[in-house]
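Each chain, letter by letter, is given below.
Protein chains: 2
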Amino acid sequence: MTDRLEAQFAFLNEADRLKSVLRATTLCDASRPENSGEHSWHLALYALVLADQAGPGVNIDRVIRMLLLHDLVEIDVGDVPIHSQNGTAHGSAETQAAEARAAERIFGLLPGDLRDDLRALWEEFEAAETPDAVFAKSLDRVQPVMQNLACGGGTWATYDVTFDQLESRVGVKIARGAPRLWDWVRCKVRPWFG
Amino acid sequence: MTDRLEAQFAFLNEADRLKSVLRATTLCDASRPENSGEHSWHLALYALVLADQAGPGVNIDRVIRMLLLHDLVEIDVGDVPIHSQNGTAHGSAETQAAEARAAERIFGLLPGDLRDDLRALWEEFEAAETPDAVFAKSLDRVQPVMQNLACGGGTWATYDVTFDQLESRVGVKIARGAPRLWDWVRCKVRPWFG
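Protein chains in written order, with UniProt numbering: chain Z, 1 to 194; chain L, 1 to 194.
The set of hints was computed from the structure by calculation and includes no laboratory data. Since the model is a prediction, treat every value here as computed from it, not as a measurement. Fair warning: there could be bad hints in the mix.
Any copy will do: because identical chains look the same in the list, a pair fits if it lies in one copy or spans two.
Result set (SDA-like, lysine to any residue): computed pairs, CA atoms no more than 20 Å apart in a straight line [what the hints assert, rightly or not]:
#1 K173 <-> A51
#2 K188 <-> R115
#3 K188 <-> R4
#4 K173 <-> A128
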C-alpha cells in the first residue's frame, strides 16, 4: 500500500504545477490571467450547474471527471490559446504530439490501474466523439466567452478576433454539445462585435 | 429558459471570485499563496485519485460535487486558517453564522431547484456526518499537510504549530474518514517536528 500511496501523491503533487500555467483569458474582473487549475475547477462547476443543457445520454459525473483532468498536459506543454496564430496553433499536429507525450509522463506517475483509467478519460475528452466528451468540450469553449464578456472583451481584443472567427472557432463547438446554450450566448456576444 | 440561464450564469460569474480568495497554504513550490478556487480543483482531483482510501458506502462522485462547492462561502467570509488564533477561529460560532449568510446569498443566485440541491450538499459537507461528507473533510485536511510537506513546513512554521496540535486539529479529522491515509501521512510528517 505504501508504494501505491507514494505514486498517488507523486501525481497529486505534480498536478499542483497546473496552478502555475497561465491562460490567455483573465478572471471576470480582469485583475490577472486565469490559471489552468482554477479554470478546471470553474469548468467542473459549469458542468454541475448547466447539467440541464446536456443532451441525452450524458453522464454529468463523467463530464466532471474529464474536466478535472482535461488540462493536466499543459504542465508540460502550456496553454495554447484558441485564437493564437490566427487560430491555427491550438489543434496542430505538433501540439497534439506534445500533449500525448505529456499525458504519457504525467498519468504515468500513477499506479497502473489509475494511470489507465484516467488516461483513457483524457483521451476520450480529446477525441470529442462520445456524448460526455462533446458536452465537456462545449463547456470548455463557453467559459472563456463568458469571462471575456464579463471584462469587456478580453482575448477578443488581444487577438483582434471577428464575430465570424468566434463563431467558427468557438460557437460551432459550443453548439455541438449544447445548442440552446450557444443560441443564448450568441445573443449576448453579438452586440460586442458591433 | 432565458431567465434560468441568467440565474445560472449569475452564480457561475460570482463563483469566479473564489479565485481571488487567498489561503494560508502556498503552492508546493512556495511561490505564492494558494487560492480557494484552485484548492477546490486540487481537492476534487484528490478524491478521484484517492478513492480507494474511502470507507464503505462512500460515493466518490458526490464527494467530488461537495468539494467543488465546499469553499464558495469564502467569497464573502474569506479563508479562516485552521491554525489561526491558536486553532480557535476556524469552527467558531461567529464564523459559522457568517458562512450561513454567505450560503444564503451565493446559492440564492441560482434557480430554485439548483439552489436547494447545491445548498443541501454544502450543508451536508459542513455537518460532517454522512460517509461522503466525512471523507470529503478528510481530504480537505490532508491536502494542506501535503502542500506544507512539499515546501518545507509552510503554515506550521508560520503559526508555530506543534505535532500534538497538528494531530488534534488535523490528524483526528483525516483519520475519521481515511484512517490508513493518516497512518501514512503521519509517518511522513513526524520527522519534520523533530
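Hint by hint, here is what the structure shows:
1. Taking the shortest alpha-carbon separations for K173 and A51, only the intra-copy value of 17 Å comes in at or below 20 Å, while the best inter-copy value is 32 Å.
2. Within a single copy, K188 and R115 get their C-alpha atoms no closer than 41 Å, and across copies no closer than 24 Å, so neither meets the 20 Å cut-off.
3. Taking CA atoms no more than 20 Å apart as the test, K188 paired with R4 passes between copies only; the shortest distance there is 15 Å, against 49 Å inside one copy.
4. With identical chains, the CA atoms of K173 and A128 are at most 20 Å apart within one copy only, with a shortest distance of 10 Å there and 40 Å across copies.
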